[in-house]
Amino acid sequence: MLIELENIVKIYNQGRVNEVTALDKVEMAVEAGAMVCLKGPSGSGKSTLLAIIGCIYPPTSGRAVIAGRQLARLPDRFLTMHRRRTIGFIFQRFNILPRISVFENVVLPLLPLGMSPKERRALAEPLLERYGIAHRRNFPAGEISGGELQRVAIARALINDPPIILADEPTAHLDSRLSRDFLADMLALKEEGRTIIMASHDPLVTEAAGVDRVYGVHDGRVTKDAC
Amino acid sequence: MKKYFEKQRNLLDYALASLWRRKGKNISVFLVFSLVIFLLASFLFLSRSLQVAAQTTLRQTPEITVQRMVAGRQESMPLTYAERIRGIFGVRRVSPRVWGYHYNEVTGANITVMALAGDPELGREPLAEGAFWQQGEQGRAVIGQGVVKDLDLGGRRTFSFFRDDLTLKSFAVAGIFAPETNILTYDLVLLDIADGRDLFGLADDLATDLLVEVVNPLEIATVARKISERLPDTRVVTRPQIQGTYQAVFSWRSGVAAICLLSALSAFIILAWDKASGMSPEERREISILKILGWQTPDVLQVRFWEGFALSLLAFAAGAILAYVHVGYFQAALFRPVMMGWSVLRPGFDLVPIVQGGDLLLIFCLSVLPYLAATVVPAWRCAAVATDAAMGG
Amino acid sequence: MLVNPWSLALCLLAGLSLFLLGMASKTALRVMRSWQPASDSARQIGLEAEIWLSSTLVQYGLAFQVISLFLFVLAADHFSGMLAGAMCATGSLLANDYGLPLLAVKGTGIFLYGGWIVFHQLDISSETYPLVRFKYILLLCLLPFVVADAVLLILYLTALQPDIITSCCAIIFDAAPSGTVQNLVGGRHGQGLLLLHYGWAALLFAAGLVAWRRRQAFFYLLYGVGMLLFFGLALTTLVAEISSYIYAMPFHNCPFCMLKKEYGYFGFLLYIPLFFSVFCGVMAMVVELVKSRPGLGRRVAELQRVMVAVSLGALLLYSTLSAWHYLLYLVAGGEG
Chain L
1 MLIELENIVK IYNQGRVNEV TALDKVEMAV EAGAMVCLKG PSGSGKSTLL
51 AIIGCIYPPT SGRAVIAGRQ LARLPDRFLT MHRRRTIGFI FQRFNILPRI
101 SVFENVVLPL LPLGMSPKER RALAEPLLER YGIAHRRNFP AGEISGGELQ
151 RVAIARALIN DPPIILADEP TAHLDSRLSR DFLADMLALK EEGRTIIMAS
201 HDPLVTEAAG VDRVYGVHDG RVTKDAC
Chain G
1 MKKYFEKQRN LLDYALASLW RRKGKNISVF LVFSLVIFLL ASFLFLSRSL
51 QVAAQTTLRQ TPEITVQRMV AGRQESMPLT YAERIRGIFG VRRVSPRVWG
101 YHYNEVTGAN ITVMALAGDP ELGREPLAEG AFWQQGEQGR AVIGQGVVKD
151 LDLGGRRTFS FFRDDLTLKS FAVAGIFAPE TNILTYDLVL LDIADGRDLF
201 GLADDLATDL LVEVVNPLEI ATVARKISER LPDTRVVTRP QIQGTYQAVF
251 SWRSGVAAIC LLSALSAFII LAWDKASGMS PEERREISIL KILGWQTPDV
301 LQVRFWEGFA LSLLAFAAGA ILAYVHVGYF QAALFRPVMM GWSVLRPGFD
351 LVPIVQGGDL LLIFCLSVLP YLAATVVPAW RCAAVATDAA MGG
Chain Y
1 MLVNPWSLAL CLLAGLSLFL LGMASKTALR VMRSWQPASD SARQIGLEAE
51 IWLSSTLVQY GLAFQVISLF LFVLAADHFS GMLAGAMCAT GSLLANDYGL
101 PLLAVKGTGI FLYGGWIVFH QLDISSETYP LVRFKYILLL CLLPFVVADA
151 VLLILYLTAL QPDIITSCCA IIFDAAPSGT VQNLVGGRHG QGLLLLHYGW
201 AALLFAAGLV AWRRRQAFFY LLYGVGMLLF FGLALTTLVA EISSYIYAMP
251 FHNCPFCMLK KEYGYFGFLL YIPLFFSVFC GVMAMVVELV KSRPGLGRRV
301 AELQRVMVAV SLGALLLYST LSAWHYLLYL VAGGEG
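Chains as they are written, first to last, in the numbering used here: chain L, 1 to 227; chain G, 1 to 393; chain Y, 1 to 336.
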């Protein structure tokens, strides 16, 4: 299993009055190369689950193994080091920095790694070509179209060649044509052998071709939906 | 190692771009910081120039000056004292000097009259025209640029001074000092010692003071002590002492100025702290995105450091260059009245700004370092933004 | 002599160092009180973030300490112009009883800050942060040093009185009766000291090579202690012997003038390798202390090897450069 979650509990602000239990005894397992959906209303714990799978923070308790690494109470520094090797993120609204160029957005994850400009170009150019945004490489990201923005986000998620791609409400701000394009891109990535996890309550996503499993998330509990 | 430098370069690039993107926010910090550095640097450059100018003057000061004190006042010095000093081991030469001031009633200016025996020390300074008198020639003077103006000589090459008994003594101008030597010679009339005695009505066996040259400069203090032991009614002043006094006075003055400017600096630091603490939602989101994409907290801190360093270095360069121009081309117009008003130097010379590595380091320590120290904590607050701040509900 | 730009800059730096270390100490106290690596509480997450603040503060502290040491030497040189009998920085330092202790504190400070950063790097290289408490105790130990630095500085500067000619009294005579340059270590020691110095360096080099090959605690200890002794010996020799060959003047023994432009900043070429050599050599010994902590064994062993290698390289560089003027003198004679 590429992702194994056993008895995961996440409590925010532990020891304060605004303590919140976001995840409660979550069990989940995803094998390599699968495409999985997390379905549930906002505030259900979807994003927390995604953050734990994405090595953004460790669970409060429970056993989480992501790509062969046990995450329990790992300091931020080591989570980050693991994250940059294994996880590619595609955010809701894509979270592209609007004032820097498309190229610079795509290579952002590489800057702290000490790569030379040449190495960065060698990694980024094939992705820009593949997603048809090479001609936009020097445009400020704030000035390109929504479809292009979405492909910039995919290119950025792939720049470290991660085995796992996480997408948080990827279609929330896209029309149906762009949504379908996006899902086609994800399917292509699945066929490359990457594992895709998407959090969404958009039926277009949960019922898309290639989705192997859908998990329902409600009030911090996860259930396996039969689709 | 190579990776480390490559990473620093990438972060520096990112920091510079980010600085540029936030021009509006940074420009006020830059301007105020440049202004503070400009004031500080102007003061230090100015006091350094004055100090160097003073040292130029002192180059002409004899190694030891011996004056006779009677009842706490300076009196004329009998030449027999010179013989007694010559007997001290290590003394190379003793020469009598006559000097005083001549008050010009027309212009109200004081002219310094100095009369030296033999080959005058000042004879090494370049002349704009003419030549020094030959030894033994009488009635000839070499004068400074200021004297030419003050006496309104124009094309004339003779002038007269009143003796104390109101008889006139006239001089032919043998030469005029070059303007570069203004600091030394601006209001100076240089005469042969016999003319000096004649003008001031001094007996032939008297002088104003004695100038002593020493064989080995390291022995100045020893020789000075021996002179004062041998001639207890004299005041002995050595060149190192004068230099020390000048330096201490200038240091003290620029110290006072620096204290005033430090209050300006602290006001600026508060501004800097405030600016660095405020973080727009956009910035929060940016840092959170960077962290999700695999940036560590120290990486973000490093970017902040480079931003602050680049900004303060730019302000430093701008302030220092402006200060140089201010002192060099505008003759320190802003501070000149303050510094020169209580200055021991006469006016009428050009300030040459002198930049020493040590002074630049000093300005750096007094400006850039406090800024960096003041922005660490705010920078850390930015960098410590929760990683998931940019993730949706 | 507090009212002087140099004094002000030094005091400002001392104040900033106090501020930086004071902030870092707040973190240190909080960590000591409530560090719970297994907890997911808001407080623990806050503390983990504060580690980066404190380490950045100490790194700034190190940079400030280096600058302030340099500034202090420059300032001493500047003060010498105002003090009767002080020909150069040495004279200013000897002008009262606080000069030399202050210099020593400033120099030691660099080693302490540097040492802390090494321990910090080791700590964050292991997932359990095994040195957290250790390094924060160490940080609190640094605090008295920074306070001592500031106090000595104020004492030194207030006790320093420039000699100003006043119109009332006749003469102030130089403090140094002979008029020759003062020497920090007393008279000259002759060739014997040079021989001891280079002999010791050669032995150390051999010991270092053995430590590098055998990687045993005992040899690191031997090398580290040898290095500490060598530091004292090297500084003495620099002042008493090597300096006069650099200046080509038998009685000019100032350890600071060689940092000036007149001597081509040659001093930096000596002090920087010497400091590096001693620092790395001593650290190779000191990190042995934490070798047994969980997850650090391999890291420490690697670090020791690198440290010894850097130390040996720097030692070689220092020995060659310090001998340079002496050899020149032997080859070219007195005028070299």
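In short, the hints are calculated from the structure, not lab data. Hints should not be assumed to be uniformly reliable.
Claimed, not checked - Covered by chain L, per the in silico footprint, the following chain Y stretches (three or more residues, Cβ under 8 Å):
#, stretch
1, 33-44
2, 122-129
Unchecked claim - Far from chain L, some chain G residues (derived; all Cβ distances over 10 Å):
#, residue
3, Gly118
4, Lys149
5, Glu219
Stated by the list, open to error - Which chain Y residues stay away from chain G? Per the calculated CB distances, all over 10 Å, these:
#, residue
6, Leu13
7, Trp52
8, Thr56
9, Leu71
10, Tyr98
11, Pro294
Just so it is clear, CB atoms sit at the ideal spot from N, CA and C, and this is done for glycine as well.
Checklist entry - Hint by hint, which ones does this structure get wrong, listed from lowest number up? => result 6, 7, 8 and 9
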